[in-house]
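Number of protein chains: 2
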Amino acid sequence: MSSSNFPFSAETYANRRRQLMTEVKSGQILLISNNYSSINFKDNHFRYRQDSSFLYYIGINQPEVFAVLDCEKGTTTLYGDDVSMDMIIWTGNQPAIKELAAKSGIENILPLSNLSDLNIDQLKYLPTYRAEHELFLSSLGVKVIQAHKDLILAVIQQRNIKSAQEIELLDKAVGLTAQMHKKVIEGAKPGMTEYQLVSIANAFAWDNNCAFSFPPILTINGQTLHNHYYGNVLKEDSMVLFDGGIELESGYCGDMTRTFPAGKKLTGIQTDIYNIVHRSYEKAVELSKPGVYYRDVHLAVAKVMVEGLKSIGFMKGDTDEAVATGAHTLFFQHGLGHMLGLDVHDMENLGEVLVGYDESISKSKEFGLKSLRLGRKLKEGYVITIEPGIYIIPELIAKFESEKKHLEFVNYETVNKHLNAGGIRIEDDYLITMESNRRLGEPLTNDLESILSLKS
Amino acid sequence: MSSSNFPFSAETYANRRRQLMTEVKSGQILLISNNYSSINFKDNHFRYRQDSSFLYYIGINQPEVFAVLDCEKGTTTLYGDDVSMDMIIWTGNQPAIKELAAKSGIENILPLSNLSDLNIDQLKYLPTYRAEHELFLSSLGVKVIQAHKDLILAVIQQRNIKSAQEIELLDKAVGLTAQMHKKVIEGAKPGMTEYQLVSIANAFAWDNNCAFSFPPILTINGQTLHNHYYGNVLKEDSMVLFDGGIELESGYCGDMTRTFPAGKKLTGIQTDIYNIVHRSYEKAVELSKPGVYYRDVHLAVAKVMVEGLKSIGFMKGDTDEAVATGAHTLFFQHGLGHMLGLDVHDMENLGEVLVGYDESISKSKEFGLKSLRLGRKLKEGYVITIEPGIYIIPELIAKFESEKKHLEFVNYETVNKHLNAGGIRIEDDYLITMESNRRLGEPLTNDLESILSLKS
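Those protein sequences? They're chains A and B, same order as listed.
Each residue of the first sequence is one higher than the one before, starting from 1 at the first, in the working numbering.
Each residue of the second sequence is one higher than the one before, starting from 1 at the first, in the working numbering.
The shape of chain A in the complex, shown without the other chains (with noise of 0.2 Å):
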């Protein structure tokens, strides 16, 4: 967006930082604008992004500014200056710093220059994730760098419950992103290159003035989890996992994943684990409500996908029990979902697990429970991704096979014959409201015949 176009009113900004005032109590508390990151010089950049945290209290979307919030005075001031006469020549008119600061609810600035002045013992801030950030707390004096505890919980606390305004910015962001799909899955055809794929998708981004909210997923190989490479020829039986999301203007986000044939139909075995999948999703969805540990919720999909891997021959035995030792963890290796807002993992970068987790349930440390991003009870106006999946990952499998693991609860047999099953996984987003939940945007089917029934 444009700096000084701001998605919510100054008295908001006002009210969000009144709040953390409160919440914090003591100590000053720093808030790091981000920059420009350089591609291959320092001119060059990528686009640029604000920190969320940032957007979330101050709003101003450009770097070279600083606020600084004074806990016991109740006071904010935002630090930057202005652009010269020379810089307009060159970059056009910019509001000024008085405009910005306005439109945040901030009445005290100061120039750069004074940034020199602030008491580095008195300063609270979150944590850096930049090196950029590392060299800005240096230059202040800073020598050993660490983020705030209290601070972080405060903000976590705050920015975990979503207002009616930012759940309306996030229904449209969520919407954008079911129609980014749909595109994807209309648009593609056996002979394609992944890359084509993600063209289209980043082409309805820019055609809707939008970014991605991380680099998708796009790829012939969901069963790789992390997979970047978008080279792979699209084949007539090929299947396609995209897990893609728009990301607004406002800093907002979506997340989704559909998995689809190129062609215009799945396999077999294909057809039976989406069927798998699907049912677990809607588990997910059932059970996801306030005062619910989404831990539980976790767990009690990861039975479903037993019942229905054992229907089909791939697990065997007691279901309580294969989930209790990890058995499924063969199959579904992540996490089902997570927090999502102004970032798609939201606030990850002020620490996972404080985000996810609380003084009431720690995270595990177990091959699949340790890739559970939440694990805390859910509340009205948490945003979180339900994504159950399934992924046949032969290394692992040849490796668990070779660790005689599980082997009361995986029939190795029947599943080394279908070992390029690949990999499938839905994902929406999710709204937890008074007494269940609230799929968010305009939807997108995801059951498989629907599914099936965009690519005729």
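No lab work stands behind these hints, which were simulated from the structure alone.
No residue lacks a Cβ here, since even glycine has one placed at the ideal position from N, Cα and C.
Treat the hints with care, since some could be wrong.
Calculated cross-link-like contacts (lysine to aspartate or glutamate; reagent style EDC-like; alpha-carbon spacing at most 20 Å) [said to hold, decoys possible]:
#1 Lys404/A <-> Asp86/B
#2 Lys143/B <-> Glu134/A
#3 Lys365/B <-> Glu134/A
#4 Lys370/A <-> Asp86/B
#5 Lys42/A <-> Glu352/B
#6 Lys399/B <-> Glu380/B
#7 Lys365/A <-> Asp86/B
#8 Lys370/B <-> Glu134/A
Some chain B residues judged to face chain A by a derived CB distance under 10 Å, without partners named [what the hints assert, rightly or not]:
#9 Gln19
#10 Ile39
#11 Thr267
In silico negatives: residues of chain B with every beta carbon more than 12 Å from chain A [what the hints assert, rightly or not]:
#12 Asn35
#13 Ser53
#14 Met87
#15 Ser138
#16 Glu321
#17 Leu342
#18 Leu350
#19 Glu359
#20 Tyr391
#21 Asn420
#22 Leu454
Dock chain B against the given chain A, drawing on the hints supplied.
Positioned in the frame of chain A, the structure of chain B alone reads:
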């Protein structure tokens, strides 16, 4: 590109390194790979772009590898670790470091942990342009980061002269760039928003498995030189300036500019200015050949512009004097061109002045000439841009007039009648040949008649 996909042979990389070590003579040259750049949290990153010198001398297109060239021994050591079995589950099989080293013609491999054994007093490195580079050098124990000028000069000397194989890649990059421009010109229609035109360009890039070589300028306000706002709607009488380039998987770049009407024609004054810019361009092409200072070409072009601007009443007086005093800079504020290669401003990270100037010619500090990136004597094998432009910048005109600047040469009264004429630039990419020059890529015409014929 995939990290195991090298555009040159192992012998080529080895030869390039040998030449560099011979030139630098002493010490150990450290080549640092680029990391992934984080967007809003650590694991969410922009597209990967390797450092261009790393691509040139090593060719490995991935992070977390470092090369040390021992100038005295003439050997190269690659520092890197193979991915773990655990990682393969998430990312799929990755090429082994040994395989990557072989493709780069490197025999010695050491794990990353051995980097700490390096003798930092012996190390020579290139200038840093990302905060991560500074943190990496600090982690090695370097206290004051100071790049080594003998190394910089040796790299510039080598990379400034493009080999036949590099020229082939540049021909391809520029050819695709021309096709992209044609699509944008043909696609532009009144009623569209600027970002929808960027979308056409971006889809073309993705469809060809390429990226942009820099964030494109696509604007109906071409007089704002570094405009990256894409939110304006094209009107029937809008004039569009598009400055954009394709970057191949191998890293080689194109860079072109076209100016054209959103509708079917330009206004009278825009037509006049377009033709002046086109004559200036043709003068530059005529003069650019080995042995000629590019600054002299720039100044000769400025004279053609002054002649043209005199013919439409914008300027007056003696042409040579006008250029000598810099009166033309009211209309032509930037430089005629720059080097092009693995970077769109080739090697700008090594220092613009060291790339574009040498001991025989130093860069001017005067308005206009201070923006000329390339001033040195042209040589066979240079690849350059030729990009004259005329810009009616109301703020600059008001400033110069209020300062009573160039009253002898500028008819402010006439100019002030055309403050909305906008900005026009024509840019193409040329190889300096033994006797003169050759335009790179399959050309896209740039005279106004041909441009208008694309709009019918």
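Ser53/B clear of chain A by more than 12 Å, beta carbon to beta carbon?
-> Its Cβ does come within 12 Å of chain A, the nearest being 9 Å, so this is violated.
Note to self: Does Glu134/A sit within 20 Å of Lys365/B, going by the straight-line distance between their CA atoms?
What the structure shows: Status violated; Cα separation ~34 Å.
Item to check | Nearest-CB test (12 Å) between chain A and Met87/B | outcome: violated (9 Å)
Item checked: Agreement of Lys365/A and Asp86/B with the hint, judged by alpha carbon distance not exceeding 20 Å -> Status holds; Cα separation ~14 Å.
Exercise. When the nearest CB of chain A is found for Thr267/B, is that gap smaller than 10 Å?
Worked result: violated (21 Å)
Under the criterion that the straight-line Cα-Cα distance not exceed 20 Å, is the pair Lys42/A, Glu352/B satisfied? holds (11 Å)
(request) For the hint on Ile39/B, just tell me whether its beta-carbon gets within less than 10 Å of chain A. (result) This hint holds: Ile39/B lies near chain A, its Cβ roughly 5 Å from the closest one there, short of 10 Å.
query: For the pair supplied as a hint, Lys404/A and Asp86/B, is the alpha-carbon distance within the 20 Å limit?
result: Distance of about 17 Å is within 20 Å: holds.
Confirm or reject the statement that Glu321/B sits farther than 12 Å, beta carbon to beta carbon, from all of chain A.
-> holds (24 Å)
> Are all beta-carbon distances from Ser138/B to chain A longer than 12 Å?
Replying inline: With a cut-off of 12 Å, Ser138/B comes too close to chain A, as the shortest Cβ separation is near 9 Å.
**Prompt:** Far enough from chain A: is every CB of that chain over 12 Å from the CB of Leu350/B?
**Reply:** Contrary to the label, Leu350/B does not stay out of reach of chain A, its closest Cβ about 8 Å off (not over 12 Å).
Can you confirm whether the C-alpha distance between Lys370/A and Asp86/B stays at or below 20 Å? Measuring from Cα to Cα gives roughly 13 Å; hence the hint holds.
When held up to the earlier numbered hints, the structure conflicts with 3, 6, 8, 9, 11, 12, 13, 14, 15, 17, 18 and 20 and fits the remainder.
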